[in-house]
Each structure stands twice: as structure tokens, then as C-alpha cells.
Amino acid sequence: MAIVLFLSVFLIAACGLIYELIAGTLASYLLGDSVLQFSTVIGSYLFAMGIGSWLSRFIDRALVARFITIELLVGLLGGFSSTLLFLGFAYTQAFRFLLYVLVVIIGILVGLEIPLLMRILRERFQFKELVANVLTFDYLGALGASLLFPLVLVPKLGLVRGAILFGLINAAVALWSTWLFKEHLPTPGIQRAGCAIVVLALCIGLAFGNVITDTADSALYSDEVIFAKSTPYQRMVLTKWKQDYRLYLNSHLQFSSRDEYRYHEALVHPGLASIASPKRALVLGGGDGLAVREMLRYASLESITLVDLDPEMTRQFSTHPLLVELNSGSLKNPKVHVINADAFPWLEKNDGVYDFVVVDFPDPNNYSLGKLYTTAFYRLLRHHVAQNGVAVVQSTSPMFARQSFWCINETMKQAGFKTYPYHVYVPSFGEWGYVLGAVEEWRQPAQVPPGLKFLTATNVHELFDFPPDLAPVPAEPNRLSDQTLVRYYEREWREIVR
Amino acid sequence: MSRPSRRQFASAALLGLAPKSEPRIAGGFVFEGPDQGLDQGHRIRDKARFATPRRRERIPVVIAGGGVAGLSAAWRLDKRGFRDFVVLEMEAQAGGNARSGQNEITAYPWAAHYLPVPDKHEALVRELCEELGLLQDGVWNERWLCHSPQERLFLHGRWQEGVEPAIGLTRKDTAQFRQFEERIQELRATAAFRIPMEEGLAKATPAVRALDTITMGDWMDREALISPYLRWFVDYSTRDDYGTHVSDISAWAGLHYFASREPEDKGPLTWPEGNGWIVKKLLVKLGRYMRTKSMIYQVRREGQRWLVFTENTIYEADAVIFAAPTWLASWIVDPAPPRWPIVTAPWITANLTLHRWPENKGLEYAWDNVIYNSTSLGYVVATHQNVAMYQPQTVWTWYMALADGSGADQRRLLLGGDWNYWKERILADLEKAHPDIRQCVDRIDIFRIGHAMPRPLPGAIFNPERIHRTKHTGTLVYANCDLSSLSLFEEAQYRGVSAADHILKVVSRSGA
Numbered sequence: 074m075a076i077v078l079f080l081s082v083f084l085i086a087a088c089g090l091i092y093e094l095i096a097g098t099l100a101s102y103l104l105g106d107s108v109l110q111f112s113t114v115i116g117s118y119l120f121a122m123g124i125g126s127w128l129s130r131f132i133d134r135a136l137v138a139r140f141i142t143i144e145l146l147v148g149l150l151g152g153f154s155s156t157l158l159f160l161g162f163a164y165t166q167a168f169r170f171l172l173y174v175l176v177v178i179i180g181i182l183v184g185l186e187i188p189l190l191m192r193i194l195r196e197r198f199q200f201k202e203l204v205a206n207v208l209t210f211d212y213l214g215a216l217g218a219s220l221l222f223p224l225v226l227v228p229k230l231g232l233v234r235g236a237i238l239f240g241l242i243n244a245a246v247a248l249w250s251t252w253l254f255k256e257h258l259p260t261p262g263i264q265r266a267g268c269a270i271v272v273l274a275l276c277i278g279l280a281f282g283n284v285i286t287d288t289a290d291s292a293l294y295s296d297e298v299i300f301a302k303s304t305p306y307q308r309m310v311l312t313k314w315k316q317d318y319r320l321y322l323n324s325h326l327q328f329s330s331r332d333e334y335r336y337h338e339a340l341v342h343p344g345l346a347s348i349a350s351p352k353r354a355l356v357l358g359g360g361d362g363l364a365v366r367e368m369l370r371y372a373s374l375e376s377i378t379l380v381d382l383d384p385e386m387t388r389q390f391s392t393h394p395l396l397v398e399l400n401s402g403s404l405k406n407p408k409v410h411v412i413n414a415d416a417f418p419w420l421e422k423n424d425g426v427y428d429f430v431v432v433d434f435p436d437p438n439n440y441s442l443g444k445l446y447t448t449a450f451y452r453l454l455r456h457h458v459a460q461n462g463v464a465v466v467q468s469t470s471p472m473f474a475r476q477s478f479w480c481i482n483e484t485m486k487q488a489g490f491k492t493y494p495y496h497v498y499v500p501s502f503g504e505w506g507y508v509l510g511a512v513e514e515w516r517q518p519a520q521v522p523p524g525l526k527f528l529t530a531t532n533v534h535e536l537f538d539f540p541p542d543l544a545p546v547p548a549e550p551n552r553l554s555d556q557t558l559v560r561y562y563e564r565e566w567r568e569i570v571r
Numbered sequence: 004m005s006r007p008s009r010r011q012f013a014s015a016a017l018l019g020l021a022p023k024s025e026p027r028i029a030g031g032f033v034f035e036g037p038d039q040g041l042d043q044g045h046r047i048r049d050k051a052r053f054a055t056p057r058r059r060e061r062i063p064v065v066i067a068g069g070g071v072a073g074l075s076a077a078w079r080l081d082k083r084g085f086r087d088f089v090v091l092e093m094e095a096q097a098g099g100n101a102r103s104g105q106n107e108i109t110a111y112p113w114a115a116h117y118l119p120v121p122d123k124h125e126a127l128v129r130e131l132c133e134e135l136g137l138l139q140d141g142v143w144n145e146r147w148l149c150h151s152p153q154e155r156l157f158l159h160g161r162w163q164e165g166v167e168p169a170i171g172l173t174r175k176d177t178a179q180f181r182q183f184e185e186r187i188q189e190l191r192a193t194a195a196f197r198i199p200m201e202e203g204l205a206k207a208t209p210a211v212r213a214l215d216t217i218t219m220g221d222w223m224d225r226e227a228l229i230s231p232y233l234r235w236f237v238d239y240s241t242r243d244d245y246g247t248h249v250s251d252i253s254a255w256a257g258l259h260y261f262a263s264r265e266p267e268d269k270g271p272l273t274w275p276e277g278n279g280w281i282v283k284k285l286l287v288k289l290g291r292y293m294r295t296k297s298m299i300y301q302v303r304r305e306g307q308r309w310l311v312f313t314e315n316t317i318y319e320a321d322a323v324i325f326a327a328p329t330w331l332a333s334w335i336v337d338p339a340p341p342r343w344p345i346v347t348a349p350w351i352t353a354n355l356t357l358h359r360w361p362e363n364k365g366l367e368y369a370w371d372n373v374i375y376n377s378t379s380l381g382y383v384v385a386t387h388q389n390v391a392m393y394q395p396q397t398v399w400t401w402y403m404a405l406a407d408g409s410g411a412d413q414r415r416l417l418l419g420g421d422w423n424y425w426k427e428r429i430l431a432d433l434e435k436a437h438p439d440i441r442q443c444v445d446r447i448d449i450f451r452i453g454h455a456m457p458r459p460l461p462g463a464i465f466n467p468e469r470i471h472r473t474k475h476t477g478t479l480v481y482a483n484c485d486l487s488s489l490s491l492f493e494e495a496q497y498r499g500v501s502a503a504d505h506i507l508k509v510v511s512r513s514g515a
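Going line by line, the protein sequences match chains A and B. Numbered by my numbering, the letters in the first sequence go through residues 74 to 571 in order. Numbered by my numbering, the letters in the second sequence go through residues 4 to 515 in order.
Isolated chain A (complex conformation):
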């Protein structure tokens, strides 16, 4: 019997902590600044529990009935707390107000639970035993909840249904108490009816939780992770936020599906459209197949070789339905040959010559990546570019890393390319830069393929114009033996990102 009583303590303690965690998590998701949100939510919640404990002194009669009422209220409010908060965020301006009102009310109710329960149990146990056991199970419940929440509740159930489930547990404790303490209840039927109503409401919520979750999550829940994979080479994370898919490699944003067309159209078309009937193309990096998608607009291209280090990356972008939709199945096109290899040694070992080469590597934020931006690399690259061909290099942001951008330009020049730097605005990246390198004099294309979302025959010329705040600055070329670029890059991004 005793163990059943203390199990109730364990359960209500767990529920109490869950609601607190839900409020903190939601506030962090929706408002950002998780340290502030968690601190203020926990603070208010504990303070409200204190109020609840203090208020318990004013309850003198019908303790069990009151306890059951409080349990049902906690179950109802706590259970629907995340639903209420989601909807409140979506449809009102008063999210913060709603958040703290809910936190305080639930806190007060939870604060009432334990003192009341201790008074109910007073007659059954010795005081020292009672205090010890109640508090032990209270803290155990807290431990259980805090482990369950991040490991099971959030990933498996989501916040909406998770909260409702714990609401049901409160209701279950209430229902169960009508039997446990039935000698204290003059009319247990009333309480049981109340329990039934609350359980019914919560069950309906749980059944329609999917709908709520879907509408609320897709509308509001910050960046759902669609998949996360650690390969020997990198950590890949694909997130979805509304209809925006974002790929992160080692937590650096690679693209956002909402505006990647700007980045990839600008990466491919100025160079490729300038070449009369290009036949062979090479992509270094770019395992997402998005540059290849743009290249496949050119019917004259006979083969596209894509060299990307990570087999998992090209596999995902060849098979995952969402990702294949993004790149229009480009990697499965019979013209496309995917090779998983390290780009620099691959170029050293192979001697193919290409009309068009895309170099789309991650930014040079360390010395191993920096090797792919050196005079040695570009000299090697030049041997793989046809006489009237061009190579285009993603060259970080001329806005945020201005000297780095012009350093890449200078490095390509030193390696014997005639360079034509340009830039484009990609909302999710900011102002972004490319350097086009040609073996001979190069002319901007007169046309671009039809059906592009961003580039036109007119605006393609504007890309090559640099306003004063992006204008060239002096920079030393980046050499294997003296990697200036990594130092520029590190300094410039450190100045931007605190």
C-alpha cells in the first residue's frame, strides 16, 4: 500500500518537472536565447510552487477532494500547456504573457500537491518516515522526468503529445486516489466523473495531437531535424523549417532550399553560358548535386564528373526522396559520373581536360581546407581547364570576409588564370562571392538558359560590378607554404561572429 502511495508522489513530481521543461524548451525554441528563457521559466515556476505551498495552509477541509481537483487541473493545464503555447504564439501577440501566466498557474497548482498529499498521508505514517519518503520519491520523479524528457519525450512524441501524455498521468493519479482515499471522499462519484471528463479531453487531444503537432510544428517548431549523420568526413544535418530545407556540414550552412537557386544559378550560368557548346564539365565538391542540376540545362554537355569526398553525401543526394527532389535527381542522370575522392590528389592523378569546372568547397577555415585554395591547387586546376574553358570557384563572402575573397582572386591570378570576380545576394548567406578563372580573355555570356528563377541575360552583367564597400583590397596570394588565406579568413569571421 505504502509503495503505491509513494509511487503517486513519484509520478506527480515527474509531471511537475516535465511541464517546467516544456515551458522552458518552448520559450527557447520560439523566443531564442535559451539561457534567458530557461532561467526565467525555472525561476518563475519555482517561485510559483512556493506560492502554492504557502497557499496550502488555507485549505482546511476536504483535503482529498481538493487534492483530486488540483491533480485534474494540473493534468488539464499541463497536458495542454504546449498546445496552448504553440497556438498562443501562432495566433496572438501575447505569447510571453501567456507563457508566464501558465507557468505561474501550473507552478502554484504543483506547489499545492506535495503539502496536501503529506497532510493526507500524515495519519498513515510516522512524520520522519513520511518526510523522508515523500521527498525521496519527489526527487526521484524529478530525475526520471529530466532523463525522459530529452531522450524519449521530445524525440519520440514531440512536445504537444508528450505534454498531453503527462497530463493523462496526472489524471490517472487523481482517478486512482478516488480509490486510495475513498474513506475520505463522501461522494467519490463526482470526483470520478471529473476524472473521466479530463481523461476524455486529454485523449481527444492525444488523438488529434498529430493534427496539432503538424499544424503547430510545421508552422512554428524551429528547424525539425530530418536527418543527422556522422560520416568519417563530416557531420551532415538536414533541417526543415516550414518548407525550407537546410543542409549543415559540420554546422556550417551549405544551402537553404528557399534561396539556393540564387547561389547555384550564379555559380554555374555566368561561366557555363559563356562557352559555345560545352562538352565536358567537372564539379569538385558540390556533392548535393545542386550545381549539377543547373548544368544539366545545357543539352550540349556530354559528361559531368562530380568529385566529392564523402560517399554518404552523394548517396543521400542520390536516394533520399526529399533531397532528390531538391536536385531534380541530377546525380542519377546518366551523363553524371560520381567519384568519391579527395579532390587535390584526384586532380594530381587524373589528366582529363574540361570545358567548365565548378570548385565548390567549404570555406577555408583550417589549413587542410586552405590547401584547396592555394596557387599550387589552382595551377593544377588550370591544367584541367580547356583553352577556351573556365573554372569558377566559390570564394566566401566579399562582404564579411572581404580580404579573403580578394585573396582567392589574387591566388588564382598568380596561378595563371585571368580572373573575373563576381558576387550575388543570397538571403540565407548574405552577399556571396565567386571568382571565375579563364585561360584566355573571357566575355560575359549574352544569354542564360530559359526558365531560371534569378539570373537573366540583363542582370548577369550586374553581378560583376562591385560597389565600393566590396571593392578590391590588397591581399597576399595563398600558397601551400604560406597560407595567408586561412589567417585572413579566421580574422575576418572572428570580427563578425563574436
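Hints listed in this document are in silico derivations from the structure and should not be mistaken for laboratory results. One or more hints might be untrue.
What the hints assert, rightly or not - Only pairs whose alpha carbons sit at most 27 Å apart, straight line, appear in this in silico BS3-like list of lysine-lysine: (1) Lys422/A - Lys364/B; (2) Lys283/B - Lys422/A; (3) Lys269/B - Lys486/A; (4) Lys422/A - Lys408/A; (5) Lys302/A - Lys364/B.
To be verified - If you want the footprint, here are the derived chain B segments under chain A, 3+ residues with CB under 8 Å: (6) 136-150; (7) 384-393.
Please read all numbers here as calculations on a predicted model, not as lab measurements. Beta carbons: idealized from backbone N, C-alpha and C, even for Gly.
We have chain A; now place chain B onto it with these hints.
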């Protein structure tokens, strides 16, 4: 280490504290065994009897020793169109101190691992570099210049950029480094310190000559250069190049290290297999002259000719270029020249095969990674010149000159310790900077080099016997870099080439 019981293991695993049972590390000593250099050489010392060979071969020129000096002599002879010679090498692999190894991860050096970018005076080295494609139209080939980041130093518990100590220095220390640099600039301006060293000797004033009568330590005391950081830095440098402490090395040699070079480009030139890369390239051309596993146990005068005895063949030669260590001549050549007065330094190097890189916080791995106040010289990353982005495994070459006390004592220590002893010393040294090194290493292969290089102690440079041997006369000439007392690629090449030039004159005279 005893095996933990299953219960211990299970309980520890539960706590996430699984005992870090040391993984088995394989390895052994390389270039050792009954038919290899170390034991073979000592047979000569111990005056063992050698079987008289049955074969006799007439060959105009024999080059004794297939290290960089011998190869450079061969390079010169071949380039001048002289092809009637052989290079006799005791070991199975040519290259001497520039030998290298190779495993499934990378090639790696066994000793000499870089070549400083030569300055404009170094005509011979430049000629070779042009031939090997390292210097094209006055531009150094970036592929083989040491990639960034070049060097780092583990000092006060963290890595700093460069080997010159920079963190934790007082203003006084910094001033001492500046003062030292000023002294070096003055000495550089005298043009008495050149590479090859012979070319500067003519400019040596009495004051410069006097530097060879004191130690570098004495000189630093005299200049009041007492900063411990500076002393460490200079000591590291003299151990690194000459296997000799600052307190032992001739001040002339120590200062030559700093004052002789004015490189044109940030270097040095380096390759996965170190100077083994140059050796491999030279052997493509010169391999046909090379006879490995040919230990010479005697070189005897017979009439106008020299009889060169190996265990298989007696070579009858008109001339001999003795490119093996010069001190060996006193044991081999008959009539024996005076005992060579220069002492040699023992070294130990090890190649560590790592299946993963140790955790690394702060600065990225550099090519040369040095630990402050260690008895070792740190380690060089053999895969550093690899341009691949993804390199999960690597090989490190760890270096230590046994520079304390006398060479003979240190050689006893070198040969006295078994592989386990040296393995533990190497790991203990690396653990200072890489606590998880034992979890990363699969193999440790160790090379014990009893007589690795000459020690330029005071008096070595202006020693009359040394100077005498550098003057080529007759039909047996010396060519080892120990003629310079400085174990440098450039010196070996210079000595080899000038010996070859002398022999070309001799042979053409006798031929005509």
C-alpha cells in the same frame, strides 16, 4: 599490465571508465641483424677474419659509400660523361642518413628529412634542385616547400606557433632574442659563414677563428645571453642539426648554423620520405652504378692501383672516392691514414604508425612539432606534405640526439636499452603533449644510429688533420660530409662533387 577481471571491467564500463588497457604496440629495431650495418661494421672494428673473395673486377673508379656524399660524387661523374665506376654500399638500401621507409599509409624518413631552401650562393644545390624540378624559372616548387603550418612548440602546456619560444617571455627575454639576432646579423655580414662552409673559411678573421676555440655556451656567456628561453632555443637548434649541446659545440659551428643561411623563400623543402625523396630521384639515374650489400673491409694499395675488398669481389681501381664516414678509413685503408680526430654523435629515430591522430586542442598539427625542455627533438609528421583533405592515419618520425656526455657512453645507453625501453621513453616523451598517444599508436619502429654524424666540438673546424683531408691529392680522396664537421646535405653534396672533380682530372690524365 595485468588483465582486469571481468567484473572490474564490467563495473568500470558501466561508469564509462573502462580501464584504458594499453593496446598492443608492435615494432622493433630496423637496420639491425647479423648481416646489417651495425654488426657488420663492428666485425671490422673487432678485426674479424673475412673470407678472401674469388671474383676480381677491374673498374677505374670505386666510390665507397652510397649516402648523399657518394651519390653526389656519382651524380657529378655521370653528368660529366664518366661512366666507369661503381658505388659500393654496405647496407641493403642506399641513402645513408637520407634513407627512408614506406608503409601502407605513407613514405617516411629514417633520419634527414628536409633541405633548407638554398640561397643564391649555393650553386650546386640549386643545380640539383633545377634538375629535380624543385626550382623552375627561379620559382621554388610550392608542392615541396613545407606546407603551412610549419612548426609549433609545446610550451607551458599548450602549443604555440613557431619553434622560437614566444609565450611567457619577460621583456628581458625578448630583448635577449633581439640581441642574439643582432650578433648573428653582424656575423652574417662578414661572409665568413657560408654553405658550403669551405667557401667562407678564406674570409675567417682571427676573431672568427677564435670562435672555434670556445664552446657556444662560452660565447653566449661572454655575450651575456642568459635567457633560459634563448639558451633552450639555441641548444635545440644545435642538437637538431649536429646532435651536440650548446655547452659542447664549437661556437663557430653553433653560430654558423644561424649566420650561414639567407633563404630566398619560406621553406624548407621537404617530402613524406624526407631526403629519401632526393635519393630516390638520384637513384633513378644512378641506380645502375649502385652495388648494395657490398661492405668494404679493406682498401689496399697495390702498385699504382687500389684493391677494394668486399666479401664477394675484389675491385681493382685506379682511384677511390672514400665517401663513407672518414673515421672508418683508419680501420679499412692500408696504409692507414692518421686517426680521424673528430668524434661522432649517436642518434635514435623512430617511426610511429598511428591509426588515429591524438586529440589536439588549439593549434593545428604542424610539420615539425617540438616539445619545450624535452630531451627529444619532437616529431615530424610524414603525411604533412600530403594534399588530401582526409587523412585518418599518419606516421610520425620522432627524433632524439643522445647529446649528453661522451659519445661512447651514450652509445652504450643506445645499444643497452631494448626495444621496450626505447618504446617507453618515446611514449613518455610524447605523452607530455599527447596524453592519449598510447591509444593511437599501432607500431613503433626504431632506428639506432651509433655514429650518426660528426660532432663539431671546439677545434674541429680549424683542425689541421681535417683541413689536410679536404685537400685532394693522389688517387684516394675523401668525400664524406664529416670533412666539414657539419652533417648537412649541402656539405655532403659539396664534398662528393669536389672529390669527383678531382678524380675526373686524375683519371683523364692517366687515360691520356
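Status of each hint after checking the structure:
no. : hint                : result
1   : Lys422/A - Lys364/B : 33 Å, violated
2   : Lys283/B - Lys422/A : 20 Å, holds
3   : Lys269/B - Lys486/A : 21 Å, holds
4   : Lys422/A - Lys408/A : 22 Å, holds
5   : Lys302/A - Lys364/B : 24 Å, holds
6   : 136-150             : holds (count 5)
7   : 384-393             : holds (count 5)
The structure fails hint 1 only (numbered hints given earlier).
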